[in-house]
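Single-letter residue listing:
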Amino acid sequence: SQTIHQWPATLVQPVGSPLSLECTVEGTSNPNLYWYRQAAGRGLQLLFYSVGIGQISSEVPQNLSASRPQDRQFILSSKKLLLSDSGFYLCASGQGNSGANVLTFGAGSRLTVL
Amino acid sequence: AQKVTQAQTEISVVEKEDVTLDCVYETRDTTYYLFWYKQPPSGELVFLIRRNSFDEQNEISGRYSWNFQKSTSSFNFTITASQVVDSAVYFCALCGSARQLTFGSGTQLTVLP
Numbered sequence: 194s195q196t197i198h199q200w201p202a203t204l205v206q207p208v209g210s211p212l213s214l215e216c217t218v219e220g221t222s223n224p225n226l227y228w229y230r231q232a233a234g235r236g237l238q239l240l241f242y243s244v245g246i247g248q249i250s251s252e253v254p255q256n257l258s259a260s261r262p263q264d265r266q267f268i269l270s271s272k273k274l275l276l277s278d279s280g281f282y283l284c285a286s287g288q289g290n291s292g293a294n295v296l297t298f299g300a301g302s303r304l305t306v307l
Numbered sequence: 004a005q006k007v008t009q010a011q012t013e014i015s016v017v018e019k020e021d022v023t024l025d026c027v028y029e030t031r032d033t034t035y036y037l038f039w040y041k042q043p044p045s046g047e048l049v050f051l052i053r054r055n056s057f058d059e060q061n062e063i064s065g066r067y068s069w070n071f072q073k074s075t076s077s078f079n080f081t082i083t084a085s086q087v088v089d090s091a092v093y094f095c096a097l098c099g100s101a102r103q104l105t106f107g108s109g110t111q112l113t114v115l116p
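Those protein sequence lines, which keep their order, are chains W and R. So the first sequence is residues 194 to 307, counted in our numbering. So the second sequence is residues 4 to 116, counted in our numbering.
Errors might be hidden in some of the hints.
Unchecked claim - List time: in silico DMTMM-like cross-link candidates among lysine to aspartate or glutamate, alpha-carbon distance up to 25 angstroms:
1. R:LYS6 / R:GLU20
2. R:LYS41 / W:GLU219
3. R:LYS73 / R:GLU47
4. R:LYS41 / R:GLU62
5. W:LYS273 / W:GLU252
6. R:LYS41 / R:GLU59
7. R:LYS41 / R:GLU20
8. R:LYS6 / W:ASP278
9. W:LYS272 / W:GLU252
10. R:LYS73 / R:GLU62
11. R:LYS41 / R:ASP21
12. R:LYS41 / R:ASP58
13. R:LYS41 / W:GLU252
14. R:LYS73 / W:ASP278
15. R:LYS6 / W:GLU215
Unchecked claim - Stretch by stretch, here's where chain R covers chain W in the computed footprint (C-beta under 8 angstroms, at least three residues):
16. 214-223
17. 262-274
Source of the hints: derived by calculation from the structure; they are not laboratory data. Don't be surprised by glycine CBs; every beta carbon is placed ideally from N, CA and C.
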């Protein structure tokens, strides 16, 4: 079974500072990888997804970016954080391109921008 | 476009009560999948169930049961004899031809001892 590691678990950053959240996946190869954000109110918003190394699709225009330097590594970044970037960021992994695929989620990274 | 609505923002019940979490969806796809996930206080989402649009049979798994009705575009989740450990945020989600999950806004369930 898959295991997803996310770090850091908690992060407090000032406005305008850079961001790097990392996600690594164990127990599978060539997964589809996803970054979701859960803001206050609990709704989950898909930010980015990747079907392979170097392949990133963005769902929402914003000051965040994602990269996939290795098959099982997915990074969420920002050059300058905004207050509105605060939230709970979840990395998820799935297999294949079928809508039936079940996603496995990491434990999340909680970001507070001050 | 697809949409998932969980109208119940928060529900509180006393232990051993039954509770139903509502989920209503919108999609133009004829083939789609519906999911329920549980988010305990630890944060990670845990998969509970997946149904495809051609299978309207209700499903029971222990204290959990799901009622899928295409006629009303609903996929409701019932917990029987609730326990404190059931306290969590529950998400309903839909995946159609776009092959991306659309989540509802979640329902915070609190089970009081």
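Here's how the hints hold up against the structure:
1. R:LYS6 / R:GLU20: 30 angstroms, violated
2. R:LYS41 / W:GLU219: Measuring from Cα to Cα gives roughly 22 angstroms; hence the hint holds.
3. R:LYS73 / R:GLU47: Distance of about 29 angstroms is beyond 25 angstroms: violated.
4. R:LYS41 / R:GLU62: Holds, at roughly 17 angstroms.
5. W:LYS273 / W:GLU252: 19 angstroms, holds
6. R:LYS41 / R:GLU59: At roughly 22 angstroms apart (the allowed maximum being 25 angstroms), GLU59 of chain R and LYS41 of chain R satisfy the hint.
7. R:LYS41 / R:GLU20: Roughly 19 angstroms between the alpha carbons, so the hint for LYS41 of chain R and GLU20 of chain R holds.
8. R:LYS6 / W:ASP278: Holds. LYS6 of chain R to ASP278 of chain W sits at ~24 angstroms (cutoff 25 angstroms).
9. W:LYS272 / W:GLU252: 19 angstroms, holds
10. R:LYS73 / R:GLU62: Given that 25 angstroms is the threshold and the Cα spacing comes to 15 angstroms, the pair holds.
11. R:LYS41 / R:ASP21: Holds, at roughly 17 angstroms.
12. R:LYS41 / R:ASP58: 22 angstroms, holds
13. R:LYS41 / W:GLU252: 24 angstroms, holds
14. R:LYS73 / W:ASP278: Roughly 37 angstroms separates the two Cα atoms, so the pair is violated.
15. R:LYS6 / W:GLU215: With a Cα-Cα distance of about 29 angstroms, the restraint between LYS6 of chain R and GLU215 of chain W is violated, given a limit of 25 angstroms.
16. 214-223: With 0 residues closer than 8 angstroms to chain R, the segment 214-223 of chain W misses the three-residue bar; violated.
17. 262-274: With 0 residues closer than 8 angstroms to chain R, the segment 262-274 of chain W misses the three-residue bar; violated.
Checked against the numbered hints listed earlier, the structure breaks hints 1, 3, 14, 15, 16 and 17; every other hint is satisfied.
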